[in-house]
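One-letter residues, chain by chain:
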Amino acid sequence: MKDKKTLTFSIMDGPYEQARTVTVFRLLDNAARRGYNLNVFAYEGAVNLPFSKQSKHPNAVHGHDAAEEDHPLPKDWVASLIQTAKKHGGALDWINCGLCVDERGAHEAIEGCRRGTPGDLWKWAQQSDNTLIVGTR
Amino acid sequence: MKVLQIIDSAYRCTIEEQDDPAVWITHAMKGAGADLDVLLCGNAVNYAVKGQDASGLRFGEIVQKNPPKLDNDIARLIGKNINVMVYSEDTAARGITEAQLLPGVRRVSRTEAPTIFSRYDQLWHW
Chain L
1 MKDKKTLTFS IMDGPYEQAR TVTVFRLLDN AARRGYNLNV FAYEGAVNLP
51 FSKQSKHPNA VHGHDAAEED HPLPKDWVAS LIQTAKKHGG ALDWINCGLC
101 VDERGAHEAI EGCRRGTPGD LWKWAQQSDN TLIVGTR
Chain C
138 MKVLQIIDSA YRCTIEEQDD PAVWITHAMK GAGADLDVLL CGNAVNYAVK
188 GQDASGLRFG EIVQKNPPKL DNDIARLIGK NINVMVYSED TAARGITEAQ
238 LLPGVRRVSR TEAPTIFSRY DQLWHW
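Those protein sequences? They're chains L and C, same order as listed. Per our numbering, residue 1 is the first one in the first sequence, and the count goes up by one each step. Per our numbering, residue 138 is the first one in the second sequence, and the count goes up by one each step.
Next comes chain C alone, as it looks inside the complex:
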């Protein structure tokens, strides 16, 4: 079974979890043998932008030592042979250029969605 993880809820609890739960569970299930690809859409396309830095958070005397590294987490997905796609319309709407995206991230148009979706047994929308 092949599943496409469609992720569009972005930067929700990434500080508390020090990652994105939908990206995290993709890593975890891949480790359990799952066959998965990822499509980032909406605000989540920003996960594929290189050079993010969420460090520096401090509440009182508590300093966050392991801030989320979403770009690194996406690069690690690619390193595990998971196809990572972003909607080109959504990157364009946010002023994200192709040069800003991580190597290996594939830009696809929303018009291609039906063709892309047809390659998967299930679509899981996070």
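Only chain L is shown next, with the shape it has when bound in the complex:
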């Protein structure tokens, strides 16, 4: 694809407490389906998004066991976004801020997500068509 875009996103929020992350995932999904090359720099709590030890649970209020509830896990969404990008001829590269990982003990990330530094964000931004920072509020 001659006009393939490269977009960089920086996310700052962890899973579950707010809606910004889901909004970013919607944008990533849309861009992945267009075959764009995508970079995600996870900063602060966002390093927990691809944490591999997330697990599903039953939900008594819903009357569901764990299988019926099929609770959404951000790590699965990240994995699916990586696969979707690949399927459509693009790529999704994910870097967790290493110091943020250390602070949170979030060392176990799913495949496709690696450790990096703010220097990676700057390098990506220089190589991208545009960069979207999604700070926390």
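You can take every hint at face value.
Simulated crosslink set (DSS-like; lysine-lysine; CA at most 27 Å straight-line):
1. C:217 with L:123
2. C:217 with C:187
3. C:139 with L:4
4. L:53 with L:75
5. C:187 with C:202
6. L:123 with C:167
7. C:167 with L:5
8. C:139 with L:5
9. C:139 with L:123
Hints listed in this document are in silico derivations from the structure and should not be mistaken for laboratory results. Given the structure is predicted, the values throughout are model-derived calculations rather than measurements.
On the provided structure of chain L, position chain C as indicated by the hints.
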């Protein structure tokens, strides 16, 4: 590439991190060769006020030894030749006078924003 860091989310996790993450990443990326300036707006204009003291926090027996020094962190940005601006409307709304601001901080009006923004390749809003 030149980027303007627009920071308006203030005093969020500054105790735990002992700094502000948007200010911190500005220092870190500058160290990696980034060309950045900073515009403080909203409550974040207070980062540019001299003489802040967040010391004294104690939870149980744990005393915080390295409290955040936001004014010092902003002064260090200026020391690295990063232009630091604050919206004058936002300082005025919070009763912050020019004399209270760190030396080197430039007060700009929100009406100047389009002109200022046009000098940058990208705007990153934290």
